[in-house]
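Chain residues, written in single-letter form:
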Amino acid sequence: MRIEKPKKIKKSVSEIIIYIIAGLFLLTIAVSYVSLFAWGILNCFKSVLDYAVDMVGFPDKFIFTNFSDCLANIPLKKITPAGEVTYGVPLMLYNSLVFALVRSVLAVLGPALVAYPVAKYNFKGKHLLFTLALVDMLLPFGPNLGVSLSFHKWLGTYDNRLGNFMMAVPAFGFDFLLLHACFKGISWSYAEAATIDGASDFKIMTQIMFPMAFPTFVTIFMLKFAGLWNDYMTPVVWLPSYPTLMYGMYVFEQKSKTLFMGTPQVLAGLFLTALPTMFLYVFTQRFLKSGFMVGGLKG
Amino acid sequence: MKDNTKKISAFQKKTFKKYIFVYVLMAYPLILWIISQCLTVSTVFYAFRSVVDGELKWVGLQNFVKAIKNLSSDPMMSYSFKNAMLMFWGSMVISMPLYMLGAYYVYKKAFGAKVLQFVIMSPMIISGMLTILLFKRFCDDVAPMWLPGLTEGLLEGRNAFFTTWFYSIWISFATNILVYPNAMNAIDPELVESAKLDGANALQEFWHVLLPGIYPTLSTFVITGFTTLFTNQGALFTIFMYKAPAESYNFGYYIFTQVMDPNAGPAQYAYTSAISMMIAAVTFPVVMLVKNLLENYGPTEEDKGTRKFRWMGKEYANREA
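Residue numbers (the working numbering), protein chains in the order written: chain F, 13 to 311; chain E, 821 to 1141.
The reader is advised that the hints may include incorrect statements.
[To be verified] Think about it this way: if two alpha-carbon atoms lie no more than 20 Å apart in a straight line, the pair counts; the simulated EDC-like pairs of lysine to aspartate or glutamate are: (1) E/Lys956 - F/Asp66; (2) E/Lys929 - F/Glu27; (3) E/Lys1111 - F/Asp148; (4) F/Lys196 - E/Asp1008; (5) E/Lys834 - F/Glu204; (6) E/Lys837 - F/Glu204; (7) F/Lys90 - E/Asp1081; (8) F/Lys269 - E/Glu976; (9) F/Lys269 - E/Asp961; (10) F/Lys90 - F/Asp171; (11) E/Lys956 - E/Glu1067; (12) E/Lys838 - F/Glu204; (13) E/Lys834 - F/Asp209.
Treat the hints as calculated values from the structure; they're not laboratory data.
Isolated chain F, as found in the complex (with noise of 0.2 Å):
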């Protein structure tokens, strides 16, 4: 039996014309990160008189002490009612880890708690709550950062780590789209398979559908983990005595003029708090590429 081979259809000038265009456009996006990074990386190793000679070329002698030498000011010194307490980089590190690992967790759980009924039941108020959940995201109005900043103080929430993370469950946003839109495409037959096995409603949802939606759920906490793990407004606002590791870098960066230290000591100052992320990167990157997609707004 012959077997045709499909028909190759062949690229118009115009679609070969576009791809030049988008090909170039995508090729200059990324060397020009390359080269800041290149950059940044090549002036780590070089003395600063090297740097103050020529800032663009390659070290005209690799030096390593620059890493050591930063090494001393990266810890970071807090002035406390108890005294000045330093948090040295590896006590920033498990801030960090925790700050992100934590909040990761809870804002997966969160909306998933609220997307999940939403989505495979039906009791009173449940369009109302989806509605609500598009109309959250279309709000341009939040409470002040003053009012939350006096009502957290009050409620003894500002600046504890427990409190702040009891705080940090959210109910909506664009994550609850997803998860929504996730949990709707699951089939209801398997809960209702388990069901007539005995299952509870509690265990459908845990050992079912969330196993089920596991893909979303990591791709969410990904997202939500590197970002968590840039953030450092957060930390600065609701946790400065817990100083992350991003923390820790703005301000080393900030007071290296009050230190006199050179770029070069500064940037290996910054590449050495980067790099538990560019590992984090390189292992999770096709997790992040898979799935991610965000939903509509339309209800």
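Given the coordinates of chain F, assemble chain E onto it according to the supplied hints.
Using the frame of chain F, we list chain E on its own:
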């Protein structure tokens, strides 16, 4: 005679258990959301109060009048408005078409698309902080060498706004190179193939198949862009901390610095609450209008079975249908 009362009770018991399960599950996140909404309402009331003789008192529209006067008299406020409009519309007009162009290339798996996507995504993940600080150092140290004609540094005066604006657009590709190609991948490949077999060129394929397909994603980003029209801080705090030049201010940064000032108190909270309310009053109707326009003029899925949809007044259907 059968005892139906017991059967009904069992059913009611089952339904009651389901309700308990559903409401208990959602309780905690919803309670926190309600608290957040109460704080939002509190913000509304805060806006009508100010510190008078050391006490927080009702002052009517005083904070709003002050904010409106400051729009013309306070350079930080007046620049905030101008910069917010420039940032948003410039980003929409410049960035959106470029996102689509890049996404199309990646979606088509053209030469080197995977590698380019990997590289372009990296700043989003490796360290946003590192990228901004590298950029800042580059602008401070290297840029003056390459642009000797500049009277002010790239991060000084009015240049600071254009530099940070450029940075926001430049770094936004790191996120969008992930989102839009994934949205395009979710489109039924048969639709695309069908268009190709009908002789559609790249532009026609994009306009008539891909764009309607990714419309929900696109409209989501457009709508959320409008919601943050006046509140987006950009990279100002990271680059300048509290010392950004007045010419580079935006409302998000202005409110943040007002509140986070070490001397800030109820008076500043009340004033910034008034600004937030004014921003919301302007933005909300705009957001609703944009949402309605996007819904009314966007593609509608007529019949999911045959994959027909209407776009720009024309009806399209899958070849097999």
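Hint check results:
In summary, the hint linking E/Lys956 to F/Asp66 is supported, as the alpha carbons are separated by about 18 Å, within the 20 Å threshold. Between E/Lys929 and F/Glu27 the CA atoms are separated by roughly 13 Å; this keeps the pair inside 20 Å, and the hint holds. Restraint check for E/Lys1111 and F/Asp148: the C-alpha separation of about 14 Å stays at or below 20 Å, so the hint holds. Distance hint between F/Lys196 and E/Asp1008 is fulfilled; the C-alpha atoms sit about 19 Å from each other, no more than 20 Å.
Only pairs whose Cα atoms come within 20 Å are accepted, and E/Lys834 paired with F/Glu204 is accepted, the gap being roughly 14 Å. Straight-line distance between C-alpha atoms of E/Lys837 and F/Glu204 comes to about 16 Å, which keeps the hinted pair within the 20 Å bound. Distance hint between F/Lys90 and E/Asp1081 is fulfilled; the C-alpha atoms sit about 18 Å from each other, no more than 20 Å. Restraint check for F/Lys269 and E/Glu976: satisfied, since their Cα atoms lie roughly 17 Å apart, inside the 20 Å limit.
The hinted pair formed by F/Lys269 and E/Asp961 meets the criterion: a straight-line CA distance of about 13 Å does not exceed 20 Å. For the suggested pair F/Lys90 and F/Asp171, the alpha carbons sit about 14 Å apart, so the restraint of at most 20 Å is met. With a C-alpha separation of about 17 Å, the suggested pair E/Lys956 and E/Glu1067 falls inside the 20 Å cut-off, and the hint holds. The hinted pair formed by E/Lys838 and F/Glu204 meets the criterion: a straight-line CA distance of about 14 Å does not exceed 20 Å.
For the proposed pair E/Lys834 and F/Asp209, the alpha carbon gap of about 15 Å is at most 20 Å, so the pair holds.
In summary, the structure agrees with every hint in the numbered list given earlier.
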